[in-house]
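Peer 1: Sequential numbering from 4 applies to the sequence shown in the working numbering.
Keep in mind that the hints were calculated from the coordinates and are not lab data. None of these values were measured; they are calculated from a predicted model. The beta carbon of each residue, even a glycine, is placed where N, CA and C say it ideally should be. You can trust all of the hints, since none of them are fake.
With a straight-line Cα cutoff of 16 Å, these simulated EDC-like cross-link-like pairs (lysine to aspartate or glutamate) come out:
| # | residue 1 | residue 2 |
| --- | --- | --- |
| 1 | Lys233 | Glu11 |
| 2 | Lys49 | Glu71 |
| 3 | Lys81 | Glu14 |
| 4 | Lys135 | Glu102 |
| 5 | Lys49 | Asp70 |
| 6 | Lys232 | Glu11 |
| 7 | Lys48 | Asp70 |
| 8 | Lys66 | Glu97 |
Ranges of calculated distance between the beta carbons of each label pair, as one might list FRET restraints:
| # | residue 1 | residue 2 | range |
| --- | --- | --- | --- |
| 9 | Glu71 | Arg209 | 43 to 49 Å |
| 10 | Asp245 | Glu131 | 30 to 36 Å |
| 11 | His116 | Gly59 | 40 to 46 Å |
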Amino acid sequence: MANNSPIEWTEATWNPVGGCTILSPGCTNCYAMRLARRLEAMGQKKYAGTTRMTGGRAKWNGKIVLDEAALEIPLKWKSSKIIFVNSMSDLFHEEIPLEFIARVFGVMKQARHHTFQVLTKRADRLGEVADKLSWPNNVWMGVSVENQEYVGRIDALRSTPAYVKFLSLEPLLGPLSNLNLDGIDWAIAGGESGPAARPMNPDWVRSIRDQCVEAGVAFHFKQWGGVQKKQTGRVLDGRTWDELPRRRVAA
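Whole structure, please, built from the sequences with the hints as guidance.
Peer 2: Below, the structure written as structure tokens:
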């Protein structure tokens, strides 16, 4: 858990689950795989055995750890925070029981003073179980879309009763044209960073920004990315984009 997250679009992270599985091209260089390996070496049992080394790099091996002890952590944070849920996994992974997902949602409902951001690539499962969950207004639900092949995830998100719906268009690996942004409140775009980072065309970002402006969707540009993301920064055409959804405060 982190009270002060380095992720630009959130304030804290909460990880009731450890481990994941590579699903689509956006997962290839996932930072969480490298971090899980380091955390295991530091003695954090939640990440023990969740990765394997291949080609000199850590990769998810499919082991999922449900961290019962972490479930109530947000209830202990008294000051209001924006919290990214499962920054080290995917809450809608097929190996996570629906009962456990429901318990996570129960904690989020109880901790009404926080805003929770849940992000998944597993939009199909999200669509399957959404009506079996209780959706408090302080839960923002998002899907990751890295290229045109995966825009169908947005339709699954749109079908949920989430109060705020958002898109994580990162790592952006191709152009996303003519996005259907109906019912979408927020879009985050960004390039890949770290070792073996794949390049991002600036025009891909400009297109997303322009589509968001036209549709009245809040836009956040996270980073240009690259091996040294601090050097490339996050300025787009002379300014930074740090917009948030209009409906930030839970009703």
